[in-house]
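From first to last, the protein sequence lines are chains A and B. Using the working numbering, the first residue of the first sequence is number 1, and each one after it goes up by one. Using the working numbering, the first residue of the second sequence is number 1, and each one after it goes up by one.
A portion of the hints provided could be inaccurate.
Listed next, the in silico DMTMM-like pairs over lysine to aspartate or glutamate satisfying Cα-Cα at most 25 Å (straight line) [what the hints assert, rightly or not]:
hint: 1; chain 1: B; residue 1: K402; chain 2: A; residue 2: D55
hint: 2; chain 1: B; residue 1: K127; chain 2: B; residue 2: E246
hint: 3; chain 1: B; residue 1: K396; chain 2: A; residue 2: D58
hint: 4; chain 1: B; residue 1: K508; chain 2: B; residue 2: D487
hint: 5; chain 1: B; residue 1: K402; chain 2: A; residue 2: E154
hint: 6; chain 1: B; residue 1: K511; chain 2: B; residue 2: D487
hint: 7; chain 1: B; residue 1: K402; chain 2: A; residue 2: D58
hint: 8; chain 1: B; residue 1: K414; chain 2: A; residue 2: E154
hint: 9; chain 1: B; residue 1: K530; chain 2: B; residue 2: E246
hint: 10; chain 1: B; residue 1: K396; chain 2: A; residue 2: D55
hint: 11; chain 1: B; residue 1: K348; chain 2: A; residue 2: D71
hint: 12; chain 1: B; residue 1: K396; chain 2: A; residue 2: D71
hint: 13; chain 1: B; residue 1: K366; chain 2: A; residue 2: D58
hint: 14; chain 1: B; residue 1: K348; chain 2: A; residue 2: E154
Keep in mind that the hints were calculated from the coordinates and are not lab data.
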Amino acid sequence: MNTKASVPHPTKSAGSARSGLFRRLARDPVALVALLFLIVIVAAAVLAPLLAPFDPYDTNLRMRLRPPGGDHLLGTDTQGRDLLTRLLFGARTTLALGFASIMVGSLIGTSIGLAAAFYRRLEGPLMRLVDIMLSFPSILFGLALAAMLGVGMESLVIALGLSTAPPIARVARATATTVMQTEYMDGGRVIGLSDATLIRRYLLRNCAAPIVVYCSLQFGETILLAAALGFLGLGLQPPIAELGSIAAEGRSFIFLAPHVSTAASLLIFTIVLSCNLLGDAFRDLTDPRLLP
Amino acid sequence: MTGMIGTRSASFILALMVAAPAATQEADNVVALRVSDTDRYDPQRSTALAAAEVLYMVGETLVTLDHDLKTVRPGLAERWEVSPDGLTYTFHLRRDVSFCDAKPFTAKAVVGTMDRWLDPDFPGVSKWKAGKVESVKALDDYTVEYRLKQPYSELLYQMTQFNFIIIDPDQATALKDDFGVAAFNGTGPFCFQSWTPRTETVLTRHEAYRWGPAFMTNSGPAKVGRIVWKIVPEEATLAAALQTGEGDVSFAVPPWALAQLQSAPSMQLLRPQAGFRTHYIGMKITRPDLTDRRVREALSLAVDQAAIADAIFFGEAEAAHAYYSKQARDFNPQMNLDAFGYDPERAKSLLDEAGWIAQADGTRMKDGNPLSLVFYGFTSESERQMAEAVQGDLRKIGVELKVELYDPTIVWGKLKTQDFDLYQMSYPYLSAGEAMNLYFLSSNMPTPNRMNWADPKTDQLIDAGNRAITPDARYAAFAEAGAIIHDAVLWKPLVNENLVVVAGPRLKPFKPHGVSGAPLYNGLDLELAK
Numbered sequence: 001m002n003t004k005a006s007v008p009h010p011t012k013s014a015g016s017a018r019s020g021l022f023r024r025l026a027r028d029p030v031a032l033v034a035l036l037f038l039i040v041i042v043a044a045a046v047l048a049p050l051l052a053p054f055d056p057y058d059t060n061l062r063m064r065l066r067p068p069g070g071d072h073l074l075g076t077d078t079q080g081r082d083l084l085t086r087l088l089f090g091a092r093t094t095l096a097l098g099f100a101s102i103m104v105g106s107l108i109g110t111s112i113g114l115a116a117a118f119y120r121r122l123e124g125p126l127m128r129l130v131d132i133m134l135s136f137p138s139i140l141f142g143l144a145l146a147a148m149l150g151v152g153m154e155s156l157v158i159a160l161g162l163s164t165a166p167p168i169a170r171v172a173r174a175t176a177t178t179v180m181q182t183e184y185m186d187g188g189r190v191i192g193l194s195d196a197t198l199i200r201r202y203l204l205r206n207c208a209a210p211i212v213v214y215c216s217l218q219f220g221e222t223i224l225l226a227a228a229l230g231f232l233g234l235g236l237q238p239p240i241a242e243l244g245s246i247a248a249e250g251r252s253f254i255f256l257a258p259h260v261s262t263a264a265s266l267l268i269f270t271i272v273l274s275c276n277l278l279g280d281a282f283r284d285l286t287d288p289r290l291l292p
Numbered sequence: 001m002t003g004m005i006g007t008r009s010a011s012f013i014l015a016l017m018v019a020a021p022a023a024t025q026e027a028d029n030v031v032a033l034r035v036s037d038t039d040r041y042d043p044q045r046s047t048a049l050a051a052a053e054v055l056y057m058v059g060e061t062l063v064t065l066d067h068d069l070k071t072v073r074p075g076l077a078e079r080w081e082v083s084p085d086g087l088t089y090t091f092h093l094r095r096d097v098s099f100c101d102a103k104p105f106t107a108k109a110v111v112g113t114m115d116r117w118l119d120p121d122f123p124g125v126s127k128w129k130a131g132k133v134e135s136v137k138a139l140d141d142y143t144v145e146y147r148l149k150q151p152y153s154e155l156l157y158q159m160t161q162f163n164f165i166i167i168d169p170d171q172a173t174a175l176k177d178d179f180g181v182a183a184f185n186g187t188g189p190f191c192f193q194s195w196t197p198r199t200e201t202v203l204t205r206h207e208a209y210r211w212g213p214a215f216m217t218n219s220g221p222a223k224v225g226r227i228v229w230k231i232v233p234e235e236a237t238l239a240a241a242l243q244t245g246e247g248d249v250s251f252a253v254p255p256w257a258l259a260q261l262q263s264a265p266s267m268q269l270l271r272p273q274a275g276f277r278t279h280y281i282g283m284k285i286t287r288p289d290l291t292d293r294r295v296r297e298a299l300s301l302a303v304d305q306a307a308i309a310d311a312i313f314f315g316e317a318e319a320a321h322a323y324y325s326k327q328a329r330d331f332n333p334q335m336n337l338d339a340f341g342y343d344p345e346r347a348k349s350l351l352d353e354a355g356w357i358a359q360a361d362g363t364r365m366k367d368g369n370p371l372s373l374v375f376y377g378f379t380s381e382s383e384r385q386m387a388e389a390v391q392g393d394l395r396k397i398g399v400e401l402k403v404e405l406y407d408p409t410i411v412w413g414k415l416k417t418q419d420f421d422l423y424q425m426s427y428p429y430l431s432a433g434e435a436m437n438l439y440f441l442s443s444n445m446p447t448p449n450r451m452n453w454a455d456p457k458t459d460q461l462i463d464a465g466n467r468a469i470t471p472d473a474r475y476a477a478f479a480e481a482g483a484i485i486h487d488a489v490l491w492k493p494l495v496n497e498n499l500v501v502v503a504g505p506r507l508k509p510f511k512p513h514g515v516s517g518a519p520l521y522n523g524l525d526l527e528l529a530k
């Protein structure tokens, strides 16, 4: 992968590099397992309404905290709902939250990063803003935002997006600064292309690969943050199933009915681990210079 | 030489090992654990239960309430008379009482306490509990005359509450805002030693104390030298601390932990004879979908409160079928309580009758709108579980409940608004009359009368009950008012929660007191096992 050499058609080169990347990924067994696992989880989450054996909202207090086995494969939760169903729907919510948040985060982060690299005058203020945002632990930042914006899916996505944006902005700026020094950027300027065209056609497309790789690494982090907010009660309101809040509701009964918290926590753990392994593999397989 | 040092350091280490647990558990020390702290220990300026728990130990009221929570007994006043018109109460004070600083207790302290509390410029709380006071005067050093502008049948019962604890008025004047923060001079079995907010409050034995109420086993002095009230903000940690012996006693143990503690042979679960705390769902009857009584009755019939009592409270609560306990004073056993059972089939037919037609997916529609209600509640664990259970039950009859749970810091503000249909809460009370005065008077809208129940007949009956001079007249008025408010289906009563005190092996078994949710009461009956 060498974007610098391919001046006339930089994007095409990046595209073929990506397909090579997938071929090389197939040779990494750990990453492959992680990828397969994620595909299964995502498929299960997407198809949850079809796969789930029970209604995720059908409560029955008299059946609460039943251990795994019998009709309920994984037992029941604190309201007597089928835990397997809740986990399927919970994974659906958590993955959707993570995905939406990383989209919002990468949109904000990339915009800041590219603007900082393209307009040198903005670099100082924008990157200091990012530094300020980075100086808060992301969990604290997310907590404060979630508390400020109130409950609900939209505000949660905004809170999570804003807390993932700063590191993405840094990566975007770092790559964009390198791209800015290339001749085709100067060439584009000389032939009179507008700023918008330059950013969209040349800068963004040549920065996309490392940003996407970085976002895949951040995805696990975002899911973890989403689950943490759910665990702390700042996530979605009941009865929506969300992995973090399922883990939280089971916490009180960890001695009486350990299956609730354990199952939810294990699922979060494996999803985040797979994301991280996959992100690592992506990073290793792409040009190591792209991410310092 | 080396050997000596070796022995010495060995014994030093041994001493440390022995001393380490002893640091928290001194011989004559009892550690009580609780979840939250108070804002201050000023009986006339705090509404916090956390204040009551400590104030009952360091201060006393003129009259006290027996374990049954119905019989008024002497306290600082050894006897009293009520004039036939119900306007003048004359209290004869004990002559053997002194404050912690050895100053004798006289009528001056009573007058000073009441004058300070009822002063319009003083930021006192719960002043309504005192009734419409004309004057509080000292007839001599040991006689107090309490005059009312109108009769107030609840007065003696209210006087047993912690807001009526007699303070040292001179100290309050001297300390101003620091009163109840830096120091508190009272007549109770314990003396206020120190308070580190959100950490601990330390009380020491009042050595001169000999005047405990007759219904306590011990009349004084207290049998333990020190009581340390420690804050453990997390319920699960608190339950664990009791098992490890870090704490000796607590009544803030969550229901789910009780089952676990019960199986530990060294732990004692003690219950007061009476104690009133009811959890309920309130319905705002001015909201468009809730103006129809049939809808309210349907909501009420759809919720299975017995399942909540069994599952969420692990049996440490009984299903409630009225707004207040059947054991509470002036409960009317003739009331029709059919609307408060569990009958989802009847609930469905009531909704049909009211024009809410079930659709193919189960939701109820009327004029193109779904039956969807907004529910406000608290974020704490058991309240969240109750909210989810109610949501699940209502879903079964086709009612969508939008649950919004708020942190205790914001929920009270939210509950003042008109933006919700249902809300969930629990409240402590002494009698049916007190519950009605609090919740069902039209003058208490928008809060705590969040239902917007404005009924002149109810107002008039509650007022008549308050003014009643004889117990019969009081009962007649409150019983009729009770029947009216229950007939209107303004609440869905959920459960009457049992107050459970968990005590560790260091304490001898004792009889908790149900007053004001402060079951250790004055601490006189606390005693170490050895």
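Here is what the structure says about each hint:
1. B:K402 <-> A:D55: holds (18 Å)
2. B:K127 <-> B:E246: violated (39 Å)
3. B:K396 <-> A:D58: OK: B:K396 and A:D58 at ~8 Å, within 25 Å.
4. B:K508 <-> B:D487: violated (46 Å)
5. B:K402 <-> A:E154: holds (16 Å)
6. B:K511 <-> B:D487: Roughly 37 Å separates the two Cα atoms, so the pair is violated.
7. B:K402 <-> A:D58: This hinted pair holds, its Cα atoms lying about 16 Å apart.
8. B:K414 <-> A:E154: holds (21 Å)
9. B:K530 <-> B:E246: holds (18 Å)
10. B:K396 <-> A:D55: Holds: B:K396 and A:D55 sit about 12 Å apart, inside 25 Å.
11. B:K348 <-> A:D71: violated (28 Å)
12. B:K396 <-> A:D71: holds (21 Å)
13. B:K366 <-> A:D58: holds (24 Å)
14. B:K348 <-> A:E154: Roughly 34 Å between the alpha carbons, so the hint for B:K348 and A:E154 is violated.
Checked against the numbered hints above, the structure violates hints 2, 4, 6, 11 and 14; every other hint is satisfied.
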